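Counting from 1, one number per residue, gives the positions in the sequence shown under the numbering used here.
One or more of the hints may lead you astray.
Within a straight-line C-alpha distance of at most 30 Å, the following computed DSS-like cross-link-like pairs (lysine-lysine) qualify [to be verified]: (1) 97 x 110; (2) 529 x 547; (3) 85 x 110; (4) 91 x 110; (5) 547 x 423; (6) 423 x 529; (7) 104 x 85; (8) 104 x 91.
Cβ pair distances, simulated, as ranges [to be verified]: (9) 346 x 574: 54 to 62 Å; (10) 110 x 569: 17 to 25 Å; (11) 538 x 243: 28 to 36 Å; (12) 420 x 562: 33 to 41 Å; (13) 408 x 560: 36 to 44 Å; (14) 235 x 563: 41 to 49 Å; (15) 547 x 441: 20 to 28 Å; (16) 401 x 562: 34 to 42 Å; (17) 459 x 356: 36 to 44 Å; (18) 288 x 484: 39 to 47 Å; (19) 141 x 346: 25 to 33 Å; (20) 213 x 129: 45 to 53 Å.
The set of hints was computed from the structure by calculation and includes no laboratory data. Computed from a predicted model, the values in this text were never measured in an experiment. Beta carbons: idealized from backbone N, C-alpha and C, even for Gly.
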Amino acid sequence: MASSGESSEPSESFLRKRRGDALASDGLSHDSCGETAQDEDPTKYDKKVGVSLRTGTYWLTRVVLLRAIAFIYFVAFAVAYNQNKQLIGEKGLTPCKDYLRSVKRYVGGKIGSAALAYAPSILWFMDWSDMDANLDGIALVGMALSGFVLITGSANMIIMGALWILYHSIVNVGQLWYSFGWESQLLETGFLGIFLCPLWSLSPLPRRCPPSLVSVWTFRWLVVRVMLGAGLIKIRGDRCWRDLTCMDYHYETQPVPNPMSYYMHRSPWWFHRFETLSNHFIELVAPFFTFMGRRMCMLNGVLQILFQVVLIISGNLSFLNWLTVVPSLACFDDAALAFLFGRSGRARRTLLQIQSEQASGLEPRPSRGMLIRRVLNASLGILIAYLSVPVVMNLLSSRQTMNTSFDALRIVNTYGAFGSVTKERTEVVFQGTLSADPAGDRVVWEEYEFLCKPGALDRRPCLISPYHYRLDWLMWFAAFQTYEQSEWVIHIAGRLLANDSTVLSLMGHNPFQNRENPRWIRGEHFRYKFTRPGGGGAAQGRWWVRKRIGPYFPPVNLDSLRSYFLSRSWPLPASR
1 MASSGESSEP SESFLRKRRG DALASDGLSH DSCGETAQDE DPTKYDKKVG VSLRTGTYWL
61 TRVVLLRAIA FIYFVAFAVA YNQNKQLIGE KGLTPCKDYL RSVKRYVGGK IGSAALAYAP
121 SILWFMDWSD MDANLDGIAL VGMALSGFVL ITGSANMIIM GALWILYHSI VNVGQLWYSF
181 GWESQLLETG FLGIFLCPLW SLSPLPRRCP PSLVSVWTFR WLVVRVMLGA GLIKIRGDRC
241 WRDLTCMDYH YETQPVPNPM SYYMHRSPWW FHRFETLSNH FIELVAPFFT FMGRRMCMLN
301 GVLQILFQVV LIISGNLSFL NWLTVVPSLA CFDDAALAFL FGRSGRARRT LLQIQSEQAS
361 GLEPRPSRGM LIRRVLNASL GILIAYLSVP VVMNLLSSRQ TMNTSFDALR IVNTYGAFGS
421 VTKERTEVVF QGTLSADPAG DRVVWEEYEF LCKPGALDRR PCLISPYHYR LDWLMWFAAF
481 QTYEQSEWVI HIAGRLLAND STVLSLMGHN PFQNRENPRW IRGEHFRYKF TRPGGGGAAQ
541 GRWWVRKRIG PYFPPVNLDS LRSYFLSRSW PLPASR
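Can you make the complete structure from the sequences, with help from the hints?
Shown next, in the form of structure tokens:
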């Protein structure tokens, strides 16, 4: 009996070794998570589909995160494709070619490391003779790559790195049109997404590249910073956040309201107080749940996602809230997200197979590539920790700044939103006339409409999120500044005088379409308020009431703008 027992152990060890060798040689021994996995047939595990997945692994979480990042990239590149030519193209309002030339002069007239550090972009190395084609090409490639990841759930470091470089190349030449905090947030999120993936493999569940806990925690750290930054800037900012009255104004005065904003603005006063208190809890308290174990971390994820959904429903805040959902997904492990993949889905069956092998000690032995990847993951953690130092110091500072980058590549940034809330909504309305005398008694002024921002009183607020009209958003800022502070407003006026098709493609209504060009353009300043649901104005089909404040800029024509344009090196508008 003793002899039999002694001989059985080496036999079992031998079989286990053979099994491990088979796994190691089954097409899985390539470097740095770059294999094309030759998995066993997952249908062998059909009988296990009712078995619960173990907690603490993130294979499915990675697939969900990659698809979510790809969705945001796709929207962002679609916005770029549809609007970049009008904003920063050859005939755009602020051509990126002129910007690159000014950067080149500033750094000494050479395209080198200094130029790349100031404005990292592959446009430096492209032919500038047709910048519109360059911008379209970058956007189309970005849409194609992100669409592939979105549909398949598969990605590698090459694809995710390319997406990050492509979007960097647009943001860094986008000037004021790309000056919003969500651009940096997308770049940071996209950078972290690179390290979720294997180097080469496009397998959704590459066996030799398990999701790194370091990578998962970088996403969690991102959502913690985003929410704390937003919460602290509110508490330190506008007094209405401390006396709980900000939501009395927010829905009406936010940049681009949607139809739900109209109704939520008229909520009872006590509901607005509850909203403000809930906002403070979710932004200032809930983020700390991330560090309190699995269940509390998931609770934070649920709260953050629900909070972003409410914001999506109640306003058009570009893809900001959709983007903030992405790092919140890292709060959930495979066991929590398995319902998204069906009880008999291939990904779930494959994961059950992987977990079964791990439980039996049959996982493949670490290869040199896997060891290199562990070093890479540790290096990522060290990099994020190092770059987080000034960000954390900013969070702790009484002089906190929001939406700021401390490194040229925007890898770790500060965030925040609505540190102050405007109490009145003002709008700039462009008006044109065919009259020769703009001050005449019989002059008739006709109004232009933007694609989404409030204008005509009977036009229903639009619903476009996660899409984004960049000009409409900038017009919101211009309305509480002066035209001297927003000179591009006068640039638009000049283009409208020429019925310029480039700028008019960013407008919703041109009153002079198929007519002669307007002779004069002026900007009028109005105060807008929502009508009351069920009131007289609403019964007449009006969503808004408005009162004139005064002129935003005086009537101008092409002759009066000639010297203004030349002094700023703007091309003179060419009449149609």
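Q) Range hint 54 to 62 Å: satisfied by the CB atoms of residue 346 and residue 574? A) holds, 58 Å
Q | 30 Å limit on alpha-carbon distance, applied to hinted pair residue 85 and residue 110 | A | holds, 26 Å
Q) Honestly, do residue 288 and residue 484 meet the 39 to 47 Å range at C-beta? A) holds, 45 Å
Q. Is the Cα-Cα distance between residue 91 and residue 110 30 Å or less?
A. Status holds; Cα separation ~25 Å.
Q | Outcome for the supplied range 36 to 44 Å, where the beta carbon pair is residue 459 and residue 356 | A | violated, 59 Å
Q: With 28 to 36 Å as the target window, see if residue 538 and residue 243 comply at their CB atoms.
A: holds, 30 Å
Q) Measuring from beta carbon to beta carbon, are residue 420 and residue 562 in 33 to 41 Å? A) Once the Cβ atoms are compared, 38 Å apart, the range 33 to 41 Å for residue 562 and residue 420 holds.
Q: Starting from the hint 41 to 49 Å, judge whether the C-beta atoms of residue 235 and residue 563 obey it.
A: holds, 48 Å
Q.
Checking one constraint from the list: CA of residue 547 to CA of residue 423, max 30 Å. Satisfied?
A. Between residue 547 and residue 423 the Cα gap is close to 15 Å, so the pair holds against 30 Å.
Q: Please work out if residue 104 and residue 85 have their alpha carbons no farther apart than 30 Å.
A: Holds: residue 104 and residue 85 sit about 22 Å apart, inside 30 Å.
(Q) Looking only at beta-carbon atoms, does the pair residue 213, residue 129 fall within the given range of 45 to 53 Å? (A) Given range 45 to 53 Å: holds, Cβ gap about 49 Å.
Q: Sort out whether residue 529 lies within 30 Å of residue 423, counting only the CA atoms.
A: holds, 11 Å
Checked against the numbered hints above, the structure breaks only hint 17 and satisfies the rest.
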